[in-house]
Amino acid sequence: MRPNPVKSKLLSGEPVFGTFGWEFLVPGLPQIVRAAGAEFLLMDMEHSGSGYEAIKAQCEMARGIGLVPMARVPANQYQYISRALDIGCMGIMAPMVGSAEEAKFIVSCTRYPPQGRRGAAFGFAHDDYEGGSVSDKIDAAHARTLVMALIETEQGIANIDAIAAVPGIDVLWLGHFDLTNFLGIPAQFDHPRYVEAIDKLVAAANKHGKVLACMTADETWSRAYWNKGFRMFAVGVDAMLLQGAIRQGMQPLRELAGRS
Amino acid sequence: MRPNPLKNRLLDGGTSFGLFAFEFFSPGLAQIAQAAGAEFLLLDMEHSGAGIETIKQQLACCRGLEIAPMVRVPANQYHFVARVLDMGALGVMVPMVETAEQAREIVKWTRYPPLGRRGAVLGGAHDDYSGGDAREKLAAANERCLVMLQIETDIGLDNVEAIAAVEGVDAIYIGFLDLSNFLGVPGEVQDPRYLAAVARIAAAAQRHGRVLGTLAPGVAFAREYLAKGFRMICFGTDAGLMQAALSERIQAVRG
Numbered sequence: 001m002r003p004n005p006v007k008s009k010l011l012s013g014e015p016v017f018g019t020f021g022w023e024f025l026v027p028g029l030p031q032i033v034r035a036a037g038a039e040f041l042l043m044d045m046e047h048s049g050s051g052y053e054a055i056k057a058q059c060e061m062a063r064g065i066g067l068v069p070m071a072r073v074p075a076n077q078y079q080y081i082s083r084a085l086d087i088g089c090m091g092i093m094a095p096m097v098g099s100a101e102e103a104k105f106i107v108s109c110t111r112y113p114p115q116g117r118r119g120a121a122f123g124f125a126h127d128d129y130e131g132g133s134v135s136d137k138i139d140a141a142h143a144r145t146l147v148m149a150l151i152e153t154e155q156g157i158a159n160i161d162a163i164a165a166v167p168g169i170d171v172l173w174l175g176h177f178d179l180t181n182f183l184g185i186p187a188q189f190d191h192p193r194y195v196e197a198i199d200k201l202v203a204a205a206n207k208h209g210k211v212l213a214c215m216t217a218d219e220t221w222s223r224a225y226w227n228k229g230f231r232m233f234a235v236g237v238d239a240m241l242l243q244g245a246i247r248q249g250m251q252p253l254r255e256l257a258g259r260s
Numbered sequence: 001m002r003p004n005p006l007k008n009r010l011l012d013g014g015t016s017f018g019l020f021a022f023e024f025f026s027p028g029l030a031q032i033a034q035a036a037g038a039e040f041l042l043l044d045m046e047h048s049g050a051g052i053e054t055i056k057q058q059l060a061c062c063r064g065l066e067i068a069p070m071v072r073v074p075a076n077q078y079h080f081v082a083r084v085l086d087m088g089a090l091g092v093m094v095p096m097v098e099t100a101e102q103a104r105e106i107v108k109w110t111r112y113p114p115l116g117r118r119g120a121v122l123g124g125a126h127d128d129y130s131g132g133d134a135r136e137k138l139a140a141a142n143e144r145c146l147v148m149l150q151i152e153t154d155i156g157l158d159n160v161e162a163i164a165a166v167e168g169v170d171a172i173y174i175g176f177l178d179l180s181n182f183l184g185v186p187g188e189v190q191d192p193r194y195l196a197a198v199a200r201i202a203a204a205a206q207r208h209g210r211v212l213g214t215l216a217p218g219v220a221f222a223r224e225y226l227a228k229g230f231r232m233i234c235f236g237t238d239a240g241l242m243q244a245a246l247s248e249r250i251q252a253v254r255g
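Chains F and E, in that order, are what the protein sequence lines are.
Going by our numbering, the first sequence opens with residue 1, and the numbers climb by one from there.
Going by our numbering, the second sequence opens with residue 1, and the numbers climb by one from there.
Mixed in with the good hints there might be a few duds.
Covered stretches of chain E, as calculated for chain F (at least 3 residues, CB under 8 Å) [said to hold, decoys possible]:
#	segment
1	27-33
2	125-137
3	219-231
Examples of chain E residues lying across from chain F (beta carbon under 8 Å, computed) [as the list claims (entries may be wrong)]:
#	residue
4	R9
5	C61
6	L65
7	A244
I should point out that these hints are in silico values taken from the structure, not numbers from a laboratory.
Don't be surprised by glycine CBs; every beta carbon is placed ideally from N, CA and C.
So that you can see chain E by itself, here it is in the shape it has in the complex (with noise of 0.2 Å):
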């Protein structure tokens, strides 16, 4: 099975950027992204509407690319966490996980027996349609998989230590928009409450050796939260990413 570098980087120390990607799944979207010099492409489930089919899709086109593939999926259960890995997902991001068991059952979810629960099939999307040694292949699988959880409810925040202290968890990812939701303060990034609680998170995750990564709205906010420790930094979406250069010409000549 192929490995994930972006995994070994990681947990190396290393920094990484990505792409939020929600809205434009086409063919070439991972080519793209990766000329682009992103190190990871995020499919969003949550709230893009996307179907496991569009993601099969999207895995694919990343085999052979140096890109690594990872999916958001829409809810916090076995058979969507499952799928998206047997898919060929090199990781997984769950939203909303609030408490230390959810985030013990997800892991488990990414594992196979006796290390977790996960049921095994082997020469499909995942291990690349080839043969070899099954105990290999699910070693690997298990070594290979990111295992990232998002912390964005006032109740994950209340957990945040127990959720970042629990083995197999590799990164703990901000919800920014969700987050500040729920601390009753929309979209105040700057608000002393939603900063204190963004403070707490990263003292969790790094007291416990997680990677910790956010969604960055734009280049000040990234650099902000690299200074923070994050290292890991997605950009995006997709959407907003065209749009923002779309407009940024069309003003540029309009005056």
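With the rest of the complex left out, here is chain F (with noise of 0.2 Å):
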């Protein structure tokens, strides 16, 4: 099975940067965002309505290109997680993490037995069609797959030193915006609030050997985010990405045309 050059860097302390598809998962979009420099492609399924035949057509296309296909699964169920695997995804993302049982479930879902309650399928997408020793693969497939929680709650907060001390949660990743929402302050980036929360967030990652990671918009939240120690960074969303250029071609052309 192929590995996943993106867990492998980001265990040795590597930064890795990736983007955030949700809207345009079409054929060329792997190749799109690989030309520009993204090392992973998290696919969106909580918000974005994309089903597993969008996510396995954009995993098929992110074969052998050097870009690492993953998921944000819709819930943290244990069909939505092995699917995604199961379809190639190298890596998922679980929405709204609570507590650490939850945590632990949710790897157990990632992991074959005697680690884990995974079914097995080999000879598909996520092993590339191919015959092989099928306990190499279940070791392969331990390996490469990379169990991202999302920290967007304030039970997740409440509870995220619990949460990054399980093993096999690789990435705490900060949902920020919902994070803010469930703290009864949206988008108040600055609240002491939030403030504080990203400290016990940090402070828990650093603690148990965690990578931090956020999606980015803006230089200024990306050096803000790099400076607190986080190392994996999603830019995007791709719908965002365009409407920003868009807006800033545009820029120019209304100024001349006197528009504001």
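Both chains are given apart, each in its own frame, so use the hints to dock them into the complex.
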């Protein structure tokens, strides 16, 4: 089975940058983002309406081009996590992780017995429809699967130390917008309660040797979170990147036309 | 732009085996075929009903794999040939080629000016959405495209020597079913008239250094045509292969 260079880089302390695909899951997307330098393509299933057929096609198109496909599953249920892995995702992002029990369950969905409870199918998309030793494949699957827990609720922050301690959780991904919502301070990223929550998250990640990750939409945000120790960033989302580029391209024209 | 190692291998005298796909255009198809040893994937648009969007997805699924994707276009027209190349096909197969004039036109559609008449887009699917020097890309695109013409009618057979002589034609493909149909011996691939036609096509192709190709309905057929000098053999169709494997197993246990 192909390895996951994003996971090995992260575990050796190297930063990794990719993008978040929500809207434009077209045949060219993996190569388009790869040609722009993305190391991973994280595909959303929680808010985008994408189903497994769309995700599977993207995973197949990411094969061989040096791009690691991963999915944010719509819910922390076995059948979502295991199916995303079966169709070739090399990592999963679990939304709204609130407790260590939930984190343990998520990890168990990504591991074959006896380490976990994942059902097995080989000779399919995730192992490139190839033959080979089953036990080697199981080891390779465990080694390559990146497990990312989204911390984006008040429970997630309250239990962050216990969640970060769960073996097999590789990445603590900050869901910054939802976190402010659940803290009752929507989009107030300077609010002391938000700042305090981030400090707790960073401390827990450092204590347990977990990677800190988040989405970024601008340089100010990237610098701020880089300085906090975040080393995995998704630039995007795709639709907003397109919008931003159109808006930026139109700005001088609007000025020439005397429109604000 | 990615090169087409298959074209170089074939032009250097190599032999290549691939899959002719008509039906199962799923995202996994290319990797499934590659894992089975196929070196090229020929995607049919002439008889399959597959449209350009399906072809584009299949070509995207081949990116990064070693398998070389090529497309048989539905008709001998510029917009089909140019579009499948724009989507990233590394070669094009044109059915029912009948004259040297047609062959020259087809070659021109696969080449940018001044060598040909292909309209250009860069930074798209065929050059992997990447930047780079435009001149180099145009030259690389001209270089990598494998042009395969099918001789499968009586008229094509009459003109096969002139067609094979056209510069830029890389491979001459026999359409065995159509050729036998047009010769009045439908499906009779051991009929002397059919065998004489194959010998004539093979002689014309070999005289001009063109690669000979055919779809092989079975192993015996493939061996027979390898012995005749054919070097680009595709097995298929995908649906036929699946049916044969399924039926063999069902028969074996049913007795």
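Okay, which hints does this one fail, numbers in order?
Checked against the structure, the hints that fail are numbers 3, 4, 7, while the rest are satisfied.
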